[in-house]
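Each protein sequence line maps, in turn, to chains A and B. Residue numbers for the first sequence follow the working numbering, beginning at 1 and rising by one. Residue numbers for the second sequence follow the working numbering, beginning at 1001 and rising by one.
Mixed in with the good hints there might be a few duds.
[Unchecked claim] Cβ-Cβ distance ranges computed for the label pairs, FRET-style:
1) Arg10/A - Leu1111/B: 41 to 47 Å
2) Pro1039/B - Gln22/A: 19 to 25 Å
3) Lys7/A - Ile1080/B: 30 to 36 Å
4) Asp1018/B - Asn50/A: 38 to 44 Å
[What the hints assert, rightly or not] Some chain A residues close to chain B (C-beta under 8 Å, calculated; not the full set):
5) Cys13
6) Arg15
7) Gly16
8) Leu45
9) Leu92
10) Gly101
11) Phe104
Keep in mind that the hints were calculated from the coordinates and are not lab data. All C-beta atoms, glycine included, are put in the ideal place defined by N, C-alpha and C.
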Amino acid sequence: SAVISQKPSRDICQRGTSLTIQCQVDSQVTMMFWYRQQPGQSLTLIATANQGSEATYESGFVIDKFPISRPNLTFSTLTVSNMSPEDSSIYLCSTRQGGYGYTFGSGTRLTVV
Amino acid sequence: GQQLNQSPQSMFIQEGEDVSMNCTSSSIFNTWLWYKQDPGEGPVLLIALYKAGELTSNGRLTAQFGITRKDSFLNISASIPSDVGIYFCAGQGSIGTYKYIFGTGTRLKVLA
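Given these sequences and hints, build the entire structure.
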């Protein structure tokens, strides 16, 4: 299965600023996914990123707040914009693992102060 | 919308004990996955289930796809300290969709 490298692994940010999270896959993949895991909670899909097209966002998530780039088949970024303390979460990128399921990166633990 | 409820929410067990947890939904799912998340890491796939009634093992882990297709079960035999973590179920509701819904998680703590 693919190996996903995600950075930064953690960050503490001031409210009102933006953070860009990078996700690098060791093989070419068609679809990449971004998840949010709020403290003590489950995983919620933010958006799906396909190379060469606009990301598809899930209900409750908008491009202005979470812009995503997918410049090639091995890389994607997620930006958390104009951050507030409510954005404090773990952000995870993932890709398909064979025909089913996902492989996840190790996550970015974001704290907004 | 679809939701997956996991039970128990958390559990403390003694090393060597067997563990059982389940995942239930009000909707039918076509695929069930079980993941484990260690602190500071992303979830790792443990077992995938593809049809109702299926029973699949991975070492000390055994998972079952419920007959009603609305639930799934995970058992861990002879627990060891490294089993500590959060276990998530995930379900795929529609054939051909890539989206999975994740359960609420079961936090497992093993006492040596």
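Each hint, compared with the structure:
no.	hint	verdict
1	Arg10/A - Leu1111/B: 41 to 47 Å	violated, 29 Å
2	Pro1039/B - Gln22/A: 19 to 25 Å	holds, 22 Å
3	Lys7/A - Ile1080/B: 30 to 36 Å	holds, 31 Å
4	Asp1018/B - Asn50/A: 38 to 44 Å	holds, 43 Å
5	Cys13	violated, 18 Å
6	Arg15	violated, 24 Å
7	Gly16	violated, 27 Å
8	Leu45	holds, 7 Å
9	Leu92	holds, 5 Å
10	Gly101	holds, 5 Å
11	Phe104	holds, 3 Å
Checked against the numbered hints given earlier, the structure breaks hints 1, 5, 6 and 7 and satisfies all the rest.
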